[in-house]
Amino acid sequence: MKLDIKLSGVGGQGILSIATVIGQAALTDGINLKQAEVHGMSQRGGDVQSDLRLSTEPIYSDLIAKGGVDLLISMEPMEALRYRNWLTPDGVIVTSSKPFVNIPNYPDESAVLAELAAIPGVISVDIEQMARDAEVPRSANMILLGLAAPHIPILSADSLREAIASIFARKGEAIIEANLRAFNLGLQYSTSL
Amino acid sequence: MSEKRLLLGDEAVALGALYAGISGVYAYPGTPSTEITEFIQLSPQGRSGEVRSRWCTNEKTAMETALGMSFAGKRALVCMKHVGMNVCADPFVNSASTGVRGGVVVLAADDPSMHSSQNEQDSRFYGKFALIPFFEPSNQQEAFDMMAAAFDLSEELELPVLMRTVTRLAHSRAAVVASGQMRAQNKLDPETETANWNLLPINARRRYQVLISKQGEIAARAEASPFNALELGPKGGLGVIACGNAYNYVKEAAPQGISLLKISQYPIPAALVHKLADHCSSILVVEDGQPFVEEQIPALLGAGYKVEGRLTGRLPRTGELSPDNVAAAFGLEAKTSFAPAEHIAPRPPQFCQGCGHRDVFTVLKQIYSEYPQGRIFGDVGCYTLGALPPFKALDSCLDMGSAITLAKGAADAGLYPVLTVIGDSTFTHSGMTGLLDAANENSDITVIISDNLATGMTGGQESAGTHKYEAICLGLGVEREHLHVVVPLPKNIEAIAELIRKEIAYHGLSVIIAQRECMQTLARKQRAKKATEK
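Chains as they are written, first to last, in my numbering: chain W, 1 to 193; chain L, 1001 to 1534.
Hints were generated in silico from the structure; no laboratory data involved. For clarity, every value in this text was computed on a predicted model and none was experimentally measured. Be careful, since some hints might not be right.
Said to hold, decoys possible - Derived lysine-lysine pairs resembling DSS-like cross-links, with alpha carbons at most 25 angstroms apart: (1) Lys171/W <-> Lys1004/L; (2) Lys1235/L <-> Lys1306/L; (3) Lys1335/L <-> Lys66/W.
What the hints assert, rightly or not - Stretches of chain W that chain L covers, calculated by requiring three or more beta carbons in the stretch to come under 8 angstroms of a beta carbon on chain L: (4) 45 to 53; (5) 58 to 67; (6) 72 to 85.
Where a beta carbon is used, it is the ideal one built from N, C-alpha and C, also for glycine.
The whole structure should be built from the sequences, with the hints applied where relevant.
Right under this line is the structure:
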């Protein structure tokens, strides 16, 4: 069994925290993993992406081939569209629907959302609003992970919960609680679709 | 003892070096190498000071300090990004002549595709140039395992050893099993044959002969290396040479019927290449970076043997390897099912909100509009973004420390007005010497040191000269009345612009230090403070 995930967003939105949680869960479960990131200049408010590969078999390449992404998790709708053509025919997109506009030539927001909505099976949710409503405003990325969790069959929801608890352990009980709540919220929403 | 951890390639290198018993890591931050030193700094051995790990002023000071530690008998690791090799080339190349006492491994992290660099030079050329053994790990586990082997080889052959990685290994995570005992550090055991380290021509000629005489042994080690491996397929098929990280893309594409030579230890194992060539009808060389191996194969096999790769166009001449371009080299078609989306726009990196460089460039944009015939020479760091919209107020970025010297040369030629912008860490890295040249001639340039009290671009590491810039400038001969310290804030923009106009009107050397802390390091300190208050 294998799952190739691409994570995308804007520098500073927290896609690497999502990758860290999935990575921790994979390590505990004995699932092979490779995760390529780009650091340095591209982190400064530019587009960022990371390839995360999970498999029960050995993994060679750190990068996913074009057309090989099973699951695209994005913190921003236009950044989800950017990698649309990397998906397998039945690949899934799970994304935040809230545009992050920090460039003067950001395309028409309604056109971005319309193009996204036209993709079959896309899960597009305003996770920031959801996070504020649930009073976990800093855990929107864990809501996104919860939304994606049913599409990561290689790892159980419990493994991901344990990983959240271990990754946020040094930040204290309250932060662990908030992130777990956010994750569960996303998971519930996703399974109710 | 055995531990399994999820590590970046950089972190695997660092852990490998700790297991190999280093006494120090010497480095200047540079993407994609930075996390090696940071991992050691945060390790128990780094925190306790048992392993020295403070950042160096530049790659040359790093290399030389490591050699000093080696002279005293202990093991040292030197880390840098590929272009750092240019900065330390002098001690690096000469250390092959002096030889080493304690093991020395030099780690150069290359950046094919220039994700965060100004070129994609291939550090393997430096290994060949210096006539020393060099390694190129293919994955995170091998990066860990190789470190001990590299330090052992360095001490056995009494030579520095080079290790080359690329971005996709340095910044990719995988599980690494660290097994065995951590080797104890070497005891203090200073060099007794000091003539070997004293490269007067009479000694240098002798030492160069010694280096040449070791070449057979260096080659034999690569030939027998456990990191090089030949997998023979059906006779008469395609032979593939895959170097370091490239091995993964070849295995991923998994073309049928090939024979595969993996090279991770150099010089090129000639006997293995001959074995591959004899078994196959032609060879495809898959290597990240420049066509280093591909260029050398015809000298081994003769011009009649068909060799393909980046030079022949079967792989792209520039840019990093990917599963896609390697699969294409095997004639495999891409599996893309969808067309690119329509409503997307590029999102280039930009200054952080509230960054002091932003205010500096707001001023410079204004100044530029007033003096369109003038030029502003820039340097390497976050502030290089000042060249992009909306500022477009920077005319150069050549190499670390080049801003002031480029400006001086342009002013010598008669260009006026000439301004330069250089970051604090870049200034101490290698801009200071150029300022001395400018001070000695009282060059007609206006230097702005954009001081954010950190090495910002690479993540906010300490900057070697923090709180010393005024003293340094005065010491180098900048006149007191033309040395100013300002705080780049929106409310000060008009005053700073006025000061720059005044200094442009002065036909001599002026330095303006624009000083305000990096927003990233400031935020980090505030978070840490909040956490301790709780």
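### Task
Measure nothing beyond the straight line between the CA atoms of Lys171/W and Lys1004/L; if it is 25 angstroms or shorter, mark the hint as holding.
23 angstroms, holds
### Task
Examine the segment 45 to 53 of chain W: at least three residues should have C-beta closer than 8 angstroms to a C-beta of chain L.
With 3 residues close enough to chain L, the hint holds.
### Task
Compare the distance between the alpha carbons of Lys1235/L and Lys1306/L with 25 angstroms, and conclude whether the hinted pair is satisfied.
Holds, because 16 angstroms separates the two Cα atoms, which is no more than 25 angstroms.
### Task
Given that the segment 58 to 67 of chain W was listed as covered by chain L, double-check it with a C-beta distance under 8 angstroms for 3 or more residues.
holds (count 9)
### Query
For the segment 72 to 85 of chain W, do at least 3 residues have a Cβ located nearer than 8 angstroms to some Cβ of chain L?
It holds: at least three residues are needed, and the segment 72 to 85 of chain W offers 6 whose Cβ sits within less than 8 angstroms of chain L.
### Query
Can the restraint linking Lys1335/L and Lys66/W be considered satisfied, given a maximum Cα separation of 25 angstroms?
Roughly 7 angstroms between the alpha carbons, so the hint for Lys1335/L and Lys66/W holds.
Comparing the model with each earlier hint shows no violations; every hint is respected.
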